[in-house]
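Generate the whole structure from the sequences, applying the supplied hints.
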Amino acid sequence: MSSKDDQPGADHEYGFGTRAIHAGAIPDPVTGARATPIHQTTSFVFDSAEHAASLFNLQTFGNVYSRISNPTVAVLEERVASLEGGRAALACATGMAAQMTALLAIVKAGDHIVAASTLYGGSVGQLGIGFGRLGIETTFVDPEDPENFRRAIRPATRALYGETLGNPLVNVLDIEAVAAIAHEHGLPLIVDNTVASPYLCNPFAFGADIVVHSATKYLGGHGTTMAGVLVESGKFDWGSPLSREKFPEMLEPSRAYHGVKFYETFGDFGYTMKARMEVNRTFGGALSPLNAWLILQGIETLHLRMQAHCRNTLQVAQFLHGHPLVAWVNYPGLENSRHHALAKKQFRAIDGRPGASGILTFGIKSADPARAGERFIDACQFLSHLANIGDAKTLVIHPASTTHRQLNAQELARAGVRPDMIRLSVGVEDADDIIWDIDQALRAASR
Amino acid sequence: MADISTLRRILGTCRTIAVVGLSPQWHRPSFFAAKYMQAHGYRIVPVNPGTSEILGERSYPSVTEAARVLAGDGTCIDLVDCFRRSEDIAPIAQEAIAIGAKCLWMQLGVVNEDAAAAARAAGLEVVMDRCVKIEHARLFGGLNWAGVNTKVISARRPQQLPY
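Note that the protein sequences, when read in sequence, are chains A and B.
Per the numbering used here, residue 1 is the first one in the first sequence, and the count goes up by one each step.
Per the numbering used here, residue 1 is the first one in the second sequence, and the count goes up by one each step.
These are calculated hints, taken from the structure and not from any lab test.
The beta-carbon is built from N, C-alpha and C at its ideal position, and this holds for glycine as well.
Do not take every clue at face value.
Said to hold, decoys possible - Now the stretches of chain A that chain B is said to cover, found in silico as 3 or more residues with beta-carbon under 8 Å:
#1 68-74
#2 268-278
#3 359-373
To be verified - Chain B residues, not near chain A, derived (Cβ > 12 Å throughout):
#4 Thr13
#5 Pro29
#6 Ala34
#7 Thr51
#8 Thr64
#9 Arg84
#10 Ile99
#11 Leu124
#12 Gly147
Unchecked claim - Computed, partial: chain A to chain B, Cβ under 7 Å:
#13 Gly9
#14 Pro27
#15 Gln59
#16 Thr60
#17 Glu77
#18 Leu90
#19 Thr94
Here it is, written out as structure tokens:
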């Protein structure tokens with residue numbers, strides 16, 4: 001059935017909510033099961049030696065071993081690819097595994113990455129130290145001026161890397177400007193879209209080439225399950241004159257997998273196949289089927305939850321903005337934020353205002369603000385003190401003493417983490433209750 | 001336009017596929033595609049003047065010659081699948097029309113609007129810039145296992161198994 005808006009001969013374009021519930025999950029062809037079955041198996045039988053050979057040669061599609069692919073995990077992959085408007089996806093055990101896999105598919109020792117300095121602290125560690133040990137160097141630049149990315153590009157650069165919304169600075173990346181700089185140099189732009197979620201922003205629509213997610217956060221939404229996903233747009237031309245010399249391993253026979261030429265053989269999902277067969281298969285970051293299924297349960301309500309997160313967070317931000325005990329509030333959904341205009345451009349509108357997701361930061365007015373921050377957290381009644389974001393529950397943390405404590409003073413300053421900063425991940429409880437708990441904790445902290 | 005119902009109809013009704021430009025080398029995309037379609041029940045008719053046999057099937061120098069020989073045992077070529085450059089498609093389209101094929105299919109990266117218009121005018125279905133293997137796996141199952149966005153949304157149980 002097609003609606004009156006569809007072009008004749010074109011497929012119906014389904015909306016976000018329908019895809020959040022259906023994409024990737026047709027009824028099981030054998031049993032007719034409507035819910036996605038949990039294929040909790042390590043391995044899959046071959047029909048014959050010939051069938052096995054075809055599978056190993058990638059001449060036919062199918063499952064061999066759940067470290068490579070699994071039908072339940074594949075539903076999650078297709079679901080996220082659809083929600084991002086991408087061509088293909090690969091799910092990994094965690095968001096960090098997805099980020100590592102996304103990069104190791106195209107970088108090797110001697111290569112270079114340019115990344116935003118405002119990345120999540122764990123990502124700064126992975127790129128700056130972890131990859132550094134492998135001989136892959138990362139230059140961190142202030143993403144406030146997109147030209148900083150251009151200035152750091154070298155002949156050895158293979159990717160630009162940023163976050164749609166930084167964590168915990170909640171700064172907004174100008175994806176279109178950074179993507180243009182990347183493409184001028186024949187490079188892909190990789191964007192971590194965890195905090196915005198695909199409901200609020202599709203980085204591909206602004207020119208990003210690869211998107212990564214910690215599905216542990218808003219995609220799952222229940223705070224029970226680790227998972228990560230990488231998605232490719234299918235639009236990056238690895239064979240272009242500028243790119244072909246930088247990424248010969250996309251074009252030439254793979255030494256890591258049976259001499260397959262990934263870009264020639266799989267075209268617009270060649271990068272995802274390379275990440276799957278060369279990186280995830282050999283580095284072992286596979287996602288368990290049960291965890292994929294748990295994340296899928298969360299995604300079915302992503303569109304509803306993100307609306308609620310945005311509405312609650314704006315109310316909390318406005319409350320804090322007018323509070324006598326609060327020194328400052330940082331939330332791109334507020335009109336006085338320096339990132340409000342970019343938020344308006346890149347994020348889906350909720351009630352006519354840019355949906356800026358559920359993370360905000362603030363500082364308490366105090367002679368000893370760092371100490372006041374700790375007292376605030378200890379005084380909260382139902383706001384949970386833990387190191388996660390994107391839960392249905394409201395979460396609170398003091399980054400300088402927890403998530404970012406491994407960073408030195410200079411790195412803290414570069415990441416925009418002030419000593420007094422409190423980060424809230426506003427949940428979907430009743431806004432009045434969240435505001436009540438914040439208010440009473442602020443009063444307790446100032447006593 | 002190659003919408004899902006059109007592609008399902010083409011791949012569901014065409015059973016014999018002439019593959020123009022089929023390579024005998026196992027790692028070439030044309031070989032990948034033909035081997036896959038053969039494994040999924042299609043009769044593959046190689047069209048490659050440089051070789052005598054591919055995938056256990058006799059190879060012919062042209063679509064016309066293949067159709068002439070196959071007519072001897074009552075076999076019709078339903079679909080002409082082109083692994084050739086866009087500028088070389090026009091004469092292949094004329095052959096496809098002349099032998100009464102149901103569909104002219106141009107592989108990924110192959111686009112020839114004039115040849116497509118001629119084939120359509122003669123009553124053939126035309127698909128351009130698509131891979132026959134990828135579309136089969138997208139619509140009848142398999143491609144989803146590789147994490148690809150198939151865009152298939154349905155509450156109906158598939159009527160064939162995806163292998």
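Status of each hint after checking the structure:
1. Requiring three or more residues with a Cβ within less than 8 Å of a Cβ of chain B, the coverage given for the stretch 68-74 of chain A holds, as 3 such residues are present.
2. For the stretch 268-278 of chain A, the stated coverage by chain B is satisfied: 4 residues place a CB nearer than 8 Å to a CB of that chain, which reaches the threshold of 3.
3. Given a C-beta distance limit of less than 8 Å, the hint that chain B covers the stretch 359-373 of chain A is violated, as 0 residues qualify and 3 are needed.
4. For threonine 13 of chain B, the condition that its CB be more than 12 Å from all CB atoms of chain A holds, with the nearest at approximately 18 Å.
5. Not every Cβ of chain A is farther than 12 Å from the Cβ of proline 29 of chain B; the closest lies at roughly 6 Å, contradicting the non-interface assignment.
6. For alanine 34 of chain B, the requirement that its beta carbon stay farther than 12 Å from each beta carbon of chain A is not met, with the minimum near 10 Å.
7. Chain A leaves threonine 51 of chain B outside its interface by the beta-carbon criterion, the shortest separation being 19 Å against a cut-off of 12 Å.
8. At the 12 Å boundary, the C-beta of threonine 64 of chain B stays outside the reach of chain A, the nearest C-beta of that chain being 29 Å off.
9. For arginine 84 of chain B, the non-interface assignment is confirmed: its Cβ lies about 16 Å from the closest Cβ of chain A, beyond the 12 Å cut-off.
10. No beta-carbon of chain A comes within 12 Å of the beta-carbon of isoleucine 99 of chain B; the shortest separation is about 26 Å.
11. Once the 12 Å rule is applied to beta carbons, leucine 124 of chain B is consistent with being away from chain A; the minimum gap is 16 Å.
12. For glycine 147 of chain B, the requirement that its beta carbon stay farther than 12 Å from each beta carbon of chain A is not met, with the minimum near 3 Å.
13. Taken as an interface hint, glycine 9 of chain A checks out: its beta carbon lies about 3 Å from the nearest beta carbon of chain B, inside 7 Å.
14. The closest approach between the C-beta of proline 27 of chain A and any C-beta of chain B is roughly 4 Å, which is under the 7 Å cut-off, so the hint is satisfied.
15. For glutamine 59 of chain A, the shortest C-beta to C-beta distance to chain B is roughly 5 Å, which falls under 7 Å, so the interface hint holds.
16. Proximity of threonine 60 of chain A to chain B holds as hinted, the smallest CB-CB distance being about 5 Å (cut-off 7 Å).
17. The interface hint given for glutamate 77 of chain A is met, as the beta carbon of that residue sits about 3 Å from the closest beta carbon of chain B, less than 7 Å.
18. The restraint placing leucine 90 of chain A at the interface with chain B holds, with a minimum CB-CB distance near 5 Å, inside the 7 Å limit.
19. Interface hint status for threonine 94 of chain A: violated, as the beta-carbon distance to the closest one in chain B is roughly 17 Å, over 7 Å.
Checked against the numbered hints given earlier, the structure breaks hints 3, 5, 6, 12 and 19 and satisfies all the rest.
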